[in-house]
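Asker: Residues per chain are reported as follows:
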Amino acid sequence: MVNEKLVELAEFTVEELLKAGNDEGQVFITESEVVEIAYKNGEYNTCSTAFQNDINVIVMKDHKKGAHFLNKANKEAALEAVKTATEAMEAAEVDEANKIAPNQGLIEKTMGVLEPDLDKLFERMEELRATVEKEYPLISVGNIDATYSKRDMVYKNTSGTLCKEQAGSYYVGMQFAGKDGEKITSLNSCGVSTYTLDKPIIDCSDFRLALEQMEKQLDAVALEGKFTGTVMMNTGAVDQFVNYLKGVGTSGAYVLDGTSVWLDKIGEQVTSEKLSVRLDPHDERIVRGETLTFDGFKSEAYDVIENGVLKNYMIDYYISEKTGYKKALNLGNDMIIKAGDVSYQDMIKNIKKGILIDGFSGGYPAVNGDFSGVVKNGFLIEDGKISNAITETMISGNLFEMFKNIKDVSKELVCEGWGVTPYMSFDGVVISGK
Amino acid sequence: MQMNKLLVGMDSLFDTSLKTELKWQENRYRNVNFNCGNLVYNNRSEVSGVYARVCKNGMYGSAATSECSEEKVKEVLKAASNNALFMDRHAKRNDYKSIVVPNGTIALNRPIIDTEQKKIIDVCRQVDEYIVKNYPNLKSRYVGYNEESMEKELLVSEGKSGHTTVPRCNLYVGMTAETKDGTPVELGVNTGGYGCFDDYYSKLDEVYKKVDELYIKVMAKSEGVRAEAGYKTVILGGILGGMLSHEAVGHTVEADLVKNGSVAGPSLGKMVASEMVNLVDFAHTFNGETAPLPVYLDDEGVEAKDAVIIKDGKLVGYMNNKELAAYYDMEPTGNARGWEYMHDPIIRMRNTTILPGQDKLEEMIASVDDGYYLLETNNGQADLTGEFMFGVTFGYEIKKGKLGRAILDTTVSGMAFDMLKTVDMISDKVYWCTSGMCGKGQAMMVAMGGPEIRCKIMLGGN
Chain C
1 MVNEKLVELA EFTVEELLKA GNDEGQVFIT ESEVVEIAYK NGEYNTCSTA FQNDINVIVM
61 KDHKKGAHFL NKANKEAALE AVKTATEAME AAEVDEANKI APNQGLIEKT MGVLEPDLDK
121 LFERMEELRA TVEKEYPLIS VGNIDATYSK RDMVYKNTSG TLCKEQAGSY YVGMQFAGKD
181 GEKITSLNSC GVSTYTLDKP IIDCSDFRLA LEQMEKQLDA VALEGKFTGT VMMNTGAVDQ
241 FVNYLKGVGT SGAYVLDGTS VWLDKIGEQV TSEKLSVRLD PHDERIVRGE TLTFDGFKSE
301 AYDVIENGVL KNYMIDYYIS EKTGYKKALN LGNDMIIKAG DVSYQDMIKN IKKGILIDGF
361 SGGYPAVNGD FSGVVKNGFL IEDGKISNAI TETMISGNLF EMFKNIKDVS KELVCEGWGV
421 TPYMSFDGVV ISGK
Chain Z
1001 MQMNKLLVGM DSLFDTSLKT ELKWQENRYR NVNFNCGNLV YNNRSEVSGV YARVCKNGMY
1061 GSAATSECSE EKVKEVLKAA SNNALFMDRH AKRNDYKSIV VPNGTIALNR PIIDTEQKKI
1121 IDVCRQVDEY IVKNYPNLKS RYVGYNEESM EKELLVSEGK SGHTTVPRCN LYVGMTAETK
1181 DGTPVELGVN TGGYGCFDDY YSKLDEVYKK VDELYIKVMA KSEGVRAEAG YKTVILGGIL
1241 GGMLSHEAVG HTVEADLVKN GSVAGPSLGK MVASEMVNLV DFAHTFNGET APLPVYLDDE
1301 GVEAKDAVII KDGKLVGYMN NKELAAYYDM EPTGNARGWE YMHDPIIRMR NTTILPGQDK
1361 LEEMIASVDD GYYLLETNNG QADLTGEFMF GVTFGYEIKK GKLGRAILDT TVSGMAFDML
1421 KTVDMISDKV YWCTSGMCGK GQAMMVAMGG PEIRCKIMLG GN
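Residue numbers (the working numbering), protein chains in the order written: chain C, 1 to 434; chain Z, 1001 to 1462.
Hints in this document: simulated from the structure, not taken from any laboratory. Be aware that one or more of the hints could be misleading.
In the DSBU-like style, the derived pairs of lysine-lysine whose C-alpha atoms are separated by at most 35 Å in a straight line are [unchecked claim]: (1) C:K134 <-> C:K216; (2) Z:K1072 <-> C:K120; (3) C:K61 <-> C:K326; (4) C:K226 <-> C:K216; (5) C:K404 <-> Z:K1139; (6) Z:K1180 <-> C:K265; (7) Z:K1078 <-> C:K72; (8) Z:K1209 <-> C:K64; (9) C:K226 <-> C:K274; (10) Z:K1400 <-> Z:K1421; (11) C:K72 <-> Z:K1440; (12) Z:K1139 <-> C:K265; (13) C:K183 <-> Z:K1440; (14) Z:K1078 <-> Z:K1056; (15) Z:K1139 <-> C:K311; (16) C:K298 <-> Z:K1203; (17) C:K216 <-> Z:K1270; (18) Z:K1399 <-> C:K434; (19) Z:K1314 <-> C:K216; (20) Z:K1314 <-> C:K327; (21) Z:K1402 <-> Z:K1360; (22) Z:K1232 <-> C:K183; (23) C:K327 <-> Z:K1133; (24) Z:K1421 <-> C:K216; (25) Z:K1232 <-> C:K226; (26) Z:K1074 <-> C:K83; (27) C:K246 <-> Z:K1210; (28) C:K298 <-> C:K109; (29) Z:K1078 <-> C:K109; (30) C:K434 <-> Z:K1180; (31) Z:K1402 <-> C:K385; (32) C:K338 <-> C:K353; (33) Z:K1072 <-> Z:K1440; (34) Z:K1232 <-> C:K404; (35) C:K404 <-> C:K353; (36) Z:K1314 <-> Z:K1232.
The shape of chain C in the complex, shown without the other chains (with noise of 0.2 Å):
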């Protein structure tokens, strides 16, 4: 159960956001509680615990907005945001596009696990690092975070929407590379959110394909000369990808300001029909999905782009009033990308050649789409098979053209916790080395 206290702080912090004038506001109040074990520069060295409580404000009067964060949880607390959102808000100009949320309801949401082991925590990290160095033997492991993270929280506002969610989780991240005496390579790190210990970390997310292929890489050679040819991405670089793609196309930003190259394309055809984004804060395989949005309506499932069709914008309830089209149901973290039907090795038999990467280091997208960067841990394939490891190798593109261009997605997903992806190939891209 929720702390029935931030229950009562947010209906006082209610009441006293009307006393102070405002037609309309909401707030949420959160407590919460963060453990951290670490593993730093190669040694156990920390252990550190943060409670933190937040209150954040939003008042509406004649449709002029303002807002306060602080991070205190008290009466006090909820009397000076009032205040100074009220101050900010006064200054503010009459926008008809502001307003609060309808009401919801009463949402009430428990996720995860509420209290933590912490000593079996440890276990699972040391079991980690234990397995990496004695599977692994050229990474070497810089970092491991260990954390336990738990959340209250409470919104309301004036509509009558009153929302509960408690929430607690685990995540382990580890940051290696691969070392040789003096040889090392690229920086490279995974993780997982997850609600139980029961099973070792390396068999979970995609931890074992990146140490098996951070070991190649320390014979990475640089890449001569330049072509143009297929790309094959591992699933961070396609979540980073799909990532650009949604938020150059889709973000309130480029809608509210009409430069999105998507823009009154809804119901078109914008990738190839291999392409389906959903985000999803209720798939069983998300761990904490979200409950609420910022604006205050209940978090559901939508579609961004479904076989390719643009089906819906990534725009908030401002946004949508602003511009008139449909608002986002949710605030767009939870993407479940859908599985093709080619394996992850017959995706690499069925390119001619290109290039493989886990990694993609580069400038955030121009609103046009193009793009450049440097491959992060990338090998180069020939004839349908991997051939050596390369570096320095850089790629470049448009956005919008990639994804029209995509060659296949595999049928196996990858599930950190936060999202679901496939690995996917691209044809077209402009590969150059040095």
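Given the coordinates of chain C, work out where chain Z should sit on it, guided by the hints.
Answerer: Chain Z alone, transformed into the frame defined by chain C:
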């Protein structure tokens, strides 16, 4: 020393068998954003709390709470000790060495002056109206004010205690124009830096000047061409020189990353750059003036000192914290900082720059037969191998010693210590990026600077 009443006398609660750091910290954020004239963000926030860290046999325990009271200070000291004991029970350190640093106090450098939200909104609106009036043909525009100010009070059992602030504010202007075929191109500029609102925005002449320059650039970019991919001779503008200092070199010489295996480990004492390259992470003073992000005291009680990294092309030092200064037998530089009150201090850069040389920009451009002059950047990354990349958002072709067409967004990359050996001209002036944020696990305000640099580098593009 002017000190928060909360911490006064709290050192009497320290366990004398443990090394203890006790900190109160507040981060203040003021944000106003106009997107095409719509006020889309109008927020104020404060994040404050108390943090304690203790060390037992090289094992650290830390604890933090957002509630600030005497009772909570006692609780975090107790929780930090329990966490250190938890670690001591489960694992042992093999290579921990302690170091003694001078005791004393550091006085408050300057106060943070808060500004009413109305004043901030009014200035943003004025700048937005200036753009609408003077440049009505833009596809879109953006004006945003961001203030991230940090105030810390530190009480330590060993080292220096003190009360320091880092006020910083920036007003960002973005513009989007269209190419002939209607494709959007965007570019932005920051104004501001270390200081408070009135230090920069009581008059807007300087802001308008930068807005005018930005318009010229974004219109040139709307007629720009894609850069040709490959290994090219380029002149990095001062802002990109700063990114080079921070991303390409700076991260590889942070002692925690060196211990994790960075390329700088085996390179200490060796030539890693051409002889004309000198690189320093300045603590608080550059050329006799306050640096763009002055740090006087770090979060471990070490008085901040300049960290000389490359001298005449040779790698001579790292940025460090207390523990790694002892490990590498170097003088502590005071680089350990935490972003918000609950964050453990880690090694962070401050004012990192390549020092100016003797060359004139005009002569540098004239010396390039076929290459690029790269002027603006929006982000960068680097890793242990020294392989770096940074985004380029504006630049020009150079053909036969003269500036040519503007270029569209691209990326440059290279291996830091290989690329630095190709440097053969350095201009005589340093330019600072005063709005830098570094994301090394935690966020952190940084400043990065550089002169114009002629070198060879990998360029992404067609």
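Asker: Does each hint hold? Answer for all of them.
Answerer: A quick look at each hint next to the structure:
{"no.": "1", "hint": "C:K134 <-> C:K216", "verdict": "holds (17 Å)"}
{"no.": "2", "hint": "Z:K1072 <-> C:K120", "verdict": "holds (28 Å)"}
{"no.": "3", "hint": "C:K61 <-> C:K326", "verdict": "holds (24 Å)"}
{"no.": "4", "hint": "C:K226 <-> C:K216", "verdict": "holds (23 Å)"}
{"no.": "5", "hint": "C:K404 <-> Z:K1139", "verdict": "holds (26 Å)"}
{"no.": "6", "hint": "Z:K1180 <-> C:K265", "verdict": "holds (21 Å)"}
{"no.": "7", "hint": "Z:K1078 <-> C:K72", "verdict": "holds (21 Å)"}
{"no.": "8", "hint": "Z:K1209 <-> C:K64", "verdict": "holds (32 Å)"}
{"no.": "9", "hint": "C:K226 <-> C:K274", "verdict": "holds (28 Å)"}
{"no.": "10", "hint": "Z:K1400 <-> Z:K1421", "verdict": "holds (24 Å)"}
{"no.": "11", "hint": "C:K72 <-> Z:K1440", "verdict": "holds (27 Å)"}
{"no.": "12", "hint": "Z:K1139 <-> C:K265", "verdict": "holds (19 Å)"}
{"no.": "13", "hint": "C:K183 <-> Z:K1440", "verdict": "holds (23 Å)"}
{"no.": "14", "hint": "Z:K1078 <-> Z:K1056", "verdict": "holds (13 Å)"}
{"no.": "15", "hint": "Z:K1139 <-> C:K311", "verdict": "holds (25 Å)"}
{"no.": "16", "hint": "C:K298 <-> Z:K1203", "verdict": "violated (45 Å)"}
{"no.": "17", "hint": "C:K216 <-> Z:K1270", "verdict": "holds (28 Å)"}
{"no.": "18", "hint": "Z:K1399 <-> C:K434", "verdict": "holds (21 Å)"}
{"no.": "19", "hint": "Z:K1314 <-> C:K216", "verdict": "holds (31 Å)"}
{"no.": "20", "hint": "Z:K1314 <-> C:K327", "verdict": "violated (57 Å)"}
{"no.": "21", "hint": "Z:K1402 <-> Z:K1360", "verdict": "holds (14 Å)"}
{"no.": "22", "hint": "Z:K1232 <-> C:K183", "verdict": "holds (27 Å)"}
{"no.": "23", "hint": "C:K327 <-> Z:K1133", "verdict": "holds (32 Å)"}
{"no.": "24", "hint": "Z:K1421 <-> C:K216", "verdict": "holds (28 Å)"}
{"no.": "25", "hint": "Z:K1232 <-> C:K226", "verdict": "holds (14 Å)"}
{"no.": "26", "hint": "Z:K1074 <-> C:K83", "verdict": "holds (31 Å)"}
{"no.": "27", "hint": "C:K246 <-> Z:K1210", "verdict": "holds (32 Å)"}
{"no.": "28", "hint": "C:K298 <-> C:K109", "verdict": "holds (11 Å)"}
{"no.": "29", "hint": "Z:K1078 <-> C:K109", "verdict": "holds (33 Å)"}
{"no.": "30", "hint": "C:K434 <-> Z:K1180", "verdict": "holds (33 Å)"}
{"no.": "31", "hint": "Z:K1402 <-> C:K385", "verdict": "violated (46 Å)"}
{"no.": "32", "hint": "C:K338 <-> C:K353", "verdict": "holds (26 Å)"}
{"no.": "33", "hint": "Z:K1072 <-> Z:K1440", "verdict": "holds (29 Å)"}
{"no.": "34", "hint": "Z:K1232 <-> C:K404", "verdict": "holds (31 Å)"}
{"no.": "35", "hint": "C:K404 <-> C:K353", "verdict": "holds (19 Å)"}
{"no.": "36", "hint": "Z:K1314 <-> Z:K1232", "verdict": "holds (25 Å)"}
Going through the hint list in order, the structure does not satisfy hints 16, 20 and 31.
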